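Chains as they are written, first to last, in this note's numbering: chain A, 1336 to 1758; chain B, 1336 to 1758.
Please keep in mind that the hints were generated in silico from the structure rather than gathered at the bench. The reader is advised that the hints may include incorrect statements.
Since the list gives no way to pick one copy over another, a pair counts as held whenever it fits inside one copy or between any two copies.
Below 25 Å or equal to it, Euclidean Cα-Cα: the simulated BS3-like pairs (lysine-lysine) are [as the list claims (entries may be wrong)]:
| no. | residue 1 | residue 2 |
| --- | --- | --- |
| 1 | K1423 | K1517 |
| 2 | K1428 | K1452 |
| 3 | K1559 | K1621 |
| 4 | K1573 | K1559 |
| 5 | K1710 | K1728 |
| 6 | K1573 | K1659 |
| 7 | K1556 | K1706 |
| 8 | K1485 | K1588 |
| 9 | K1556 | K1479 |
| 10 | K1710 | K1479 |
| 11 | K1706 | K1728 |
| 12 | K1573 | K1479 |
| 13 | K1709 | K1728 |
| 14 | K1517 | K1559 |
| 15 | K1700 | K1728 |
| 16 | K1423 | K1700 |
| 17 | K1706 | K1458 |
| 18 | K1556 | K1624 |
| 19 | K1517 | K1458 |
| 20 | K1617 | K1573 |
Computed from a predicted structure; not experimentally measured.
There are 2 protein chains.
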Amino acid sequence: MEPETGLDKRGGGAKAAEERPPVLVSAVLPAGGTGERMGGGTPKQFCAILGRPLISYTVRALESISWISHIVVVVSLDNVEIMRSIVKQYGHKRTVIVEGGTSRHRSIFNGLEIFVKNSPIQKPEVVIIHDAVRPFVEKDILFKVVMAAKEHGAAGAIRPLVSTVIASSADGCLDHSLDRAKYRASEMPQAFLFDIIHQAYRQCNDYDLDYGTECLHLALKYSKTTAKLIEGPSDLWKVTYKQDLYAAESLIKEAISQEVCVITDINENAVQVGFLLHETLKSHVKQVKSLSSTLCKDHNHLQNILLGQCYNFICINDTLSDFKETQQLVEMLENTNTSLLYSIVLISVHLHVLEGTLCSSEMLKLVELAKEVKKKNIFLYGLIVRYQQDDMKLQETTDSAAALIMALIRDRNPAFVGQLLVA
Amino acid sequence: MEPETGLDKRGGGAKAAEERPPVLVSAVLPAGGTGERMGGGTPKQFCAILGRPLISYTVRALESISWISHIVVVVSLDNVEIMRSIVKQYGHKRTVIVEGGTSRHRSIFNGLEIFVKNSPIQKPEVVIIHDAVRPFVEKDILFKVVMAAKEHGAAGAIRPLVSTVIASSADGCLDHSLDRAKYRASEMPQAFLFDIIHQAYRQCNDYDLDYGTECLHLALKYSKTTAKLIEGPSDLWKVTYKQDLYAAESLIKEAISQEVCVITDINENAVQVGFLLHETLKSHVKQVKSLSSTLCKDHNHLQNILLGQCYNFICINDTLSDFKETQQLVEMLENTNTSLLYSIVLISVHLHVLEGTLCSSEMLKLVELAKEVKKKNIFLYGLIVRYQQDDMKLQETTDSAAALIMALIRDRNPAFVGQLLVA
């Protein structure tokens, strides 16, 4: 039912008795990096994944946790306006944009200072520090680091080392290698009692601020606070190189492909195909919901499905000239803001009984509608299912339709919008 | 012209005066891992990327370098048969399959022993050790580590650390953090004078063999040889988690999408569309080749294009019922082995002059042919270009056709094979 990567899991509605830390928590998200490791160009936190900047995914992951009070995003002066427009475009709430410093530590320090400098934002008891380029952070690990910070003063996520770490001598030769079992990679998120990390930054020298990389180290050195280390999941990894962006895109696509809603015309053939598709799709995704067209007219009902984070719809119409179900759903989708964060895939299925010709004028209707709704981040594709009375043949066609549907949903390819495929 | 990731760059033919190390070189490829970090199931080196096991990409990267004499692949007993079938299916040459030990070091040791144990395979002066799960290794870094090994006795690729490395205390708290600037991640490939690393393994104690991870460390400890460290490119990274497989797939898709060959019917309209497509595609890929249908009949000419590692073909026919160019190319492709390593994308373009109906019987012809050639790893898609005399409108249609073509090439989606798209 829930996407594997936990993407937006928190928004998923019906979780009973949410665990909340018994303290005021806010987060600082340093995002001042210049992206030189990506080979120049756009800093990686602003690179688009499925059309949306990476940082928006990370902000969304934090803002969807109700017990995080404020999210302070620290960006370089150059990117303040860009960040403002991202917050506006994607409707992010509880964010505060702060101008960064010349290094990572200086940026985090700036972010912390906002809570104490005559700010209307209340100083939290525990502050989370996370990276803008780790979009897959989940509530579970955030809760753990916050609770550990409350107890120990500081806490951070760690991962096993993937490669052995070695020290090199001045002439570029091996000096020694570390025993991989004794060391860990320090990842994000981390959390601190606010005063502990804030005092540490206040006492820092310039060398620490300019060249340091590890907040846990500052807490130890300046506040004598030993951080608790907590093993995090592998998708906490930091998007650093071009291949990481590809990986992030694939994980997001996978996460939003897990649920499909099938909406069926009352026509008898359509109901039959709808039922078969429902059953067949069940083996491809975690959840298939089905709606009759009458239920679909209930706005609240649809809204609930969308809130349940279903981004994929299949409308089964009768013939090729019949767009009733599709048009009705398009209208309802346009009235929600669901397509704001993720593109919605809408597949308009049409039954085709007779062998013979397909009229291209009907296809033009699909193309026009698809062009129109693409502006609203709804990707509309057409699919003809050759309807046959023979049960065996119909199942075969349904299998082929399900394969095409899954490919369209997993790919979310804007180039194929308005195309009419045949199963 | 060459794929960015350097994938199969070495096979690319016309490199003048190839640099060759002045020593006999062979490689050992430990591939005995069980894939527990991928969450169980298939060990990652055997996971399929675009239908082919990851390890086959790595073997291919090594075998395409002419100065690597033998490639010793070390797999667990369970996987010896699987590995044999991979070597056979993908036509790998100069490979030797050896049974691994219970640890990485024991497996490498077994691989080295094959060169000395009454084996018909000549002992190399320099041996490369590489990982099966690093498929993007390039000739440049291999040459560098081999030359450095010849001079220093041992050499290995390194990368900057992405995360800070920390030591934890027994109770799971921070002990100390390392200065990131002073340490490096030790990656692969590495290279050694054969006798140095072989002697080191011979002297190793059981603890080293069972728990050690670093060959450079063994060379230092047992053969008093200090390895030269060489900065490698970012795509040397180790495929470890599910997201790494996604990233590898995207990099491979990108690499084989860089070249397109357009083959045009002699019909006047087809020639015009072919020319426009050629010009438009130039802004999407690194190289567009064009062939008239007469040249395409020259088997040697086509063979050269295929050897130049072009995996994408666009055949411009006249009308929808005209499959001449497409069929001719299919026949020639079937006679080569090009589609063995990478799927070939073949887009059958048909001009459509009149508004009105598209006959589905013609489409069935495409579906049948597509189904047939898919077995040979050739992905055939149809594309109707609505031909219009108006230059402006024709350019618009061409832009839309180019967008569809690029989406088909970049996606290489087997689910859409046989579909007829409309530009």
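Hint check:
| no. | hint | result |
| --- | --- | --- |
| 1 | K1423 / K1517 | neither (45 Å within a copy, 42 Å between copies) |
| 2 | K1428 / K1452 | within (21 Å within a copy, 68 Å between copies) |
| 3 | K1559 / K1621 | neither (48 Å within a copy, 56 Å between copies) |
| 4 | K1573 / K1559 | neither (28 Å within a copy, 37 Å between copies) |
| 5 | K1710 / K1728 | between (38 Å within a copy, 22 Å between copies) |
| 6 | K1573 / K1659 | neither (46 Å within a copy, 51 Å between copies) |
| 7 | K1556 / K1706 | neither (59 Å within a copy, 66 Å between copies) |
| 8 | K1485 / K1588 | neither (36 Å within a copy, 47 Å between copies) |
| 9 | K1556 / K1479 | within (23 Å within a copy, 41 Å between copies) |
| 10 | K1710 / K1479 | neither (41 Å within a copy, 51 Å between copies) |
| 11 | K1706 / K1728 | between (34 Å within a copy, 17 Å between copies) |
| 12 | K1573 / K1479 | within (19 Å within a copy, 29 Å between copies) |
| 13 | K1709 / K1728 | between (34 Å within a copy, 22 Å between copies) |
| 14 | K1517 / K1559 | both (22 Å within a copy, 24 Å between copies) |
| 15 | K1700 / K1728 | between (29 Å within a copy, 19 Å between copies) |
| 16 | K1423 / K1700 | neither (34 Å within a copy, 51 Å between copies) |
| 17 | K1706 / K1458 | neither (48 Å within a copy, 65 Å between copies) |
| 18 | K1556 / K1624 | neither (55 Å within a copy, 62 Å between copies) |
| 19 | K1517 / K1458 | neither (37 Å within a copy, 36 Å between copies) |
| 20 | K1617 / K1573 | neither (33 Å within a copy, 34 Å between copies) |
Checked against the numbered hints listed earlier, the structure breaks hints 1, 3, 4, 6, 7, 8, 10, 16, 17, 18, 19 and 20; every other hint is satisfied.
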